[in-house]
Amino acid sequence: MAWIALVLAGFFEIAWAMALKYSEGFTKPVPSIIFGVTAWISFILLAYAIKTLPIGTAYAVWTGIGAVGIAIIGIVWLGEPTSFVRVACISLIVAGIIGLKLSGSVAA
1 MAWIALVLAG
11 FFEIAWAMAL
21 KYSEGFTKPV
31 PSIIFGVTAW
41 ISFILLAYAI
51 KTLPIGTAYA
61 VWTGIGAVGI
71 AIIGIVWLGE
81 PTSFVRVACI
91 SLIVAGIIGL
101 KLSGSVAA
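Numbering-wise (our numbering), the sequence shown opens with residue 1 and increments by one.
Worth flagging that the hints you see were computed from the coordinates, not collected in a lab.
Check before you lean on any hint, since a few could be wrong.
Ranges between beta-carbon positions, derived for each pair [said to hold, decoys possible]: (1) A95 to I4: 15 to 23 Å; (2) P81 to T52: 17 to 25 Å; (3) I55 to I93: 17 to 25 Å; (4) T63 to V85: 26 to 34 Å; (5) K28 to A95: 31 to 39 Å; (6) G99 to F26: 32 to 40 Å; (7) E80 to K28: 18 to 26 Å; (8) K101 to V76: 20 to 28 Å; (9) K21 to G96: 18 to 26 Å.
We put the CB at the ideal spot given by N, CA and C, even for glycine.
When you get a sec, could you build the whole thing from the sequences and use the hints?
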């Protein structure tokens, strides 16, 4: 259950990062509210996950999901530049997340 909460926390991190972009420095109320709600949910889920999972693993996976998600959204949705190096680096982050999950260092 902790891993499910952690993955959901990562998805909510992606949501709050996008809301933060669209809040334009917290000058737009709706994206600012969405930011606050999704950030709160993300942190609550992360807090639940670290009750069971090691903090280093949980934090690395949480930030990795957020970083990969936002990078992909930036490329696909926002038209940010893409290159072999960028895609390779994103792939390395994904490999790290998978490696942490499969490392067997956690029981959950």
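Status of each hint after checking the structure:
{"no.": "1", "hint": "A95 to I4: 15 to 23 Å", "result": "holds (21 Å)"}
{"no.": "2", "hint": "P81 to T52: 17 to 25 Å", "result": "violated (39 Å)"}
{"no.": "3", "hint": "I55 to I93: 17 to 25 Å", "result": "holds (19 Å)"}
{"no.": "4", "hint": "T63 to V85: 26 to 34 Å", "result": "violated (20 Å)"}
{"no.": "5", "hint": "K28 to A95: 31 to 39 Å", "result": "holds (36 Å)"}
{"no.": "6", "hint": "G99 to F26: 32 to 40 Å", "result": "holds (37 Å)"}
{"no.": "7", "hint": "E80 to K28: 18 to 26 Å", "result": "holds (21 Å)"}
{"no.": "8", "hint": "K101 to V76: 20 to 28 Å", "result": "holds (24 Å)"}
{"no.": "9", "hint": "K21 to G96: 18 to 26 Å", "result": "holds (25 Å)"}
The earlier numbered hints that this structure contradicts are 2 and 4.
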